[in-house]
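Asks: At position 96 of the sequence shown the residue is numbered 96 (full-length UniProt numbering), and the sequence of numbers has no breaks.
Calculated directly from the structure, the hints in this document are not laboratory data. There could be a bad hint or two in this list.
[As the list claims (entries may be wrong)] In silico EDC-like cross-links for lysine to aspartate or glutamate, where the CA-CA straight-line distance does not exceed 16 Å:
1. 106 with 52
2. 54 with 102
3. 19 with 70
4. 106 with 47
5. 106 with 75
6. 19 with 9
7. 58 with 9
8. 87 with 33
9. 54 with 33
10. 19 with 52
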Amino acid sequence: MRIVTPPQEALCIVNGTQKYLILFEGDWEETMEPGIAVSACTESGVEYAELELKSCWKVGSDTGSQRLMELCGCENAADFEHFLEKKRNQTQGGSEGMIVVEVAFKRLVSASLFESSQFWSRMSADKIPSKKHLHPSFIRVLEDFW
């Protein structure tokens, strides 16, 4: 299964500062079950990482909404509504069929894919919280662009 992520979200997933994705109906083709491997790719189709699906919840359910609030760092219901509204506007979609997927970064698919893509050339060191949060092979790939 493949999941498409925008550039900033991809960086946060790989460096470990983001552990969830929000998907909308049509973004996935297979049954979402904990433990399955997911291929993450950029909007331009460059596959960059293998992720493990830890759990998923439908937004709108009590459990799903509460877990998403925790994962995205929303402190109250107003922050959470603002967060959801922003996500809806980014995709021009409603919350129908919106699910939260908790993921764990497993490995980079190929460093050569990173090096040959324009994707990482747009990233700069100031967008990365700390090198200690990065997978060692990821640091090596990015150093060429810093």
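Asks: Indicate, hint by hint, whether the structure satisfies it.
Replies: Hint by hint, here is what the structure shows:
Restraint check for residue 106 and residue 52: satisfied, since their Cα atoms lie roughly 6 Å apart, inside the 16 Å limit. Simply put, residue 54 and residue 102 have alpha-carbon atoms about 5 Å apart, close enough for the 16 Å limit, and the pair holds. Between residue 19 and residue 70 the CA atoms are separated by roughly 11 Å; this keeps the pair inside 16 Å, and the hint holds. A hinted pair counts as satisfied when its Cα atoms are at most 16 Å apart, and residue 106 with residue 47 qualifies at roughly 13 Å.
For a cut-off of 16 Å, the pair hint linking residue 106 to residue 75 is broken: about 29 Å separates their Cα positions. Between residue 19 and residue 9 the alpha-carbon distance is near 10 Å, which keeps this suggested pair within the 16 Å criterion. Between the alpha carbons of residue 58 and residue 9 the distance comes to roughly 20 Å, so the proposed pair goes past 16 Å and is violated. Note on residue 87 and residue 33: the hinted pairing is violated, with a Cα-Cα distance of about 23 Å set against a maximum of 16 Å.
Only pairs whose Cα atoms come within 16 Å are accepted, and residue 54 paired with residue 33 is accepted, the gap being roughly 8 Å. At most 16 Å may separate the alpha-carbon atoms for a hinted pair to count; residue 19 and residue 52 meet this at roughly 10 Å.
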